[in-house]
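In terms of this note's numbering, the sequence shown opens at residue 8 and continues consecutively.
Keep in mind the hints are simulated off the structure, nothing from the lab. Since we're looking at a predicted model, the values are computed, not measured. Some hints could be false.
[What the hints assert, rightly or not] As a list, the in silico SDA-like pairs of lysine to any residue whose alpha-carbon atoms are at most 20 Å apart:
#, residue 1, residue 2
1, 81, 148
2, 152, 129
3, 81, 149
4, 56, 221
5, 56, 77
6, 152, 130
7, 221, 123
8, 81, 217
9, 81, 69
10, 221, 151
11, 56, 251
12, 81, 244
13, 221, 91
14, 152, 136
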Amino acid sequence: MEDDHGAGRGSLILGGAARNVSIATLSTLIFFTVLVLVVVNAPGWEAVKHGFFDPTIFRQYFRTIGHGFVLNIKVAIAAEVLILVFALGLAVVRSLPGPVFFPLRLMAIMYTDVFRGIPTILLVYLFGEGIPALGLSHVTRDPVKLGALALVVIYTAYVAEVYRAGIESVHPSQEAAARSLGLSRGQALRAVVLPQAVRRVVPPLLNDFIGLQKDTALLAVIGPVDALQRAQIGAASEFNYTPLVVTAFFFVLITIPQARFTDWLINRQRRRQMAGGQV
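Work out the full structure: start from the sequences and follow the hints.
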């Protein structure tokens with residue numbers, strides 16, 4: 008009897024969930040259908056369609072802008088590697104206890120506060136135009152390297168805070184247990200605290216790197232011929248904005264899989280936490 012009652016209640020729950028999904032899907036389809044109808048029936052739609060969504064120009068610049076987008080990907084990957092290393096070091100410095108390390112903690116705090124407050128495009132300009140103007144020997148004037156360095160400086164400040172949140176989320180008892188086994192503070196941090204902290208902050212790190220991938224387009228303001236620069240050249244020569252839409256397409260194409268992978272990691276982490284709590 009109880010089994011029948013439980014099975015019936017389970018069927019009701021599943022049926023209600025399926026109904027809710029159907030309603031949500033239908034309402035979403037209706038919303039986007041209405042939105043599309045409003046846009047395509049607007050008085051200026053034909054002009055917008057010609058100026059932004061010309062299929063001939065889209066095909067014409069697809070390969071050219073795709074080659075430029077390869078530079079954006081290379082810059083993002085190189086910057087990510089440096090950011091992961093520098094940001095972890097900065098987060099560790101901020102977590103050092105005791106008055107002896109106060110000057111280091113203060114410098115780390117000043118770094119994160121200053122560079123999180125500067126708009127990224129301004130720092131790209133400062134690095135790309137200011138450093139070559141100094142005329143220093145043995146200092147690169149390559150705009151790609153200088154722009155990538157600006158992104159590293161900015162995003163190191165953001166990622167360091169993500170790392171620090173992960174370090175602080177590890178319960179102090181974990182370090183205390185490691186110290187009781189004879190490990191030094193540094194050994195406990197390296198072998199016990201940091202591995203747990205890094206696992207917990209992988210999803211927000213990926214979110215930051217999605218933003219980094221998009222911000223590589225800012226390098227176009229200092230000269231590198233990336234996807235956006237090629238799109239701007241194409242838009243100026245064709246008197247049409249479709250090349251910019253091509254650039255947007257490439258960025259969306261690479262960021263959507265990253266976003267879905269991030270969501271999958273978050274859900275997996277949540278399921279593991281719930282399973283751990285039930286145990």
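These are the hints, each one checked on the structure:
{"no.": "1", "hint": "81 <-> 148", "verdict": "18 Å, holds"}
{"no.": "2", "hint": "152 <-> 129", "verdict": "16 Å, holds"}
{"no.": "3", "hint": "81 <-> 149", "verdict": "15 Å, holds"}
{"no.": "4", "hint": "56 <-> 221", "verdict": "25 Å, violated"}
{"no.": "5", "hint": "56 <-> 77", "verdict": "28 Å, violated"}
{"no.": "6", "hint": "152 <-> 130", "verdict": "13 Å, holds"}
{"no.": "7", "hint": "221 <-> 123", "verdict": "17 Å, holds"}
{"no.": "8", "hint": "81 <-> 217", "verdict": "14 Å, holds"}
{"no.": "9", "hint": "81 <-> 69", "verdict": "19 Å, holds"}
{"no.": "10", "hint": "221 <-> 151", "verdict": "15 Å, holds"}
{"no.": "11", "hint": "56 <-> 251", "verdict": "13 Å, holds"}
{"no.": "12", "hint": "81 <-> 244", "verdict": "27 Å, violated"}
{"no.": "13", "hint": "221 <-> 91", "verdict": "18 Å, holds"}
{"no.": "14", "hint": "152 <-> 136", "verdict": "12 Å, holds"}
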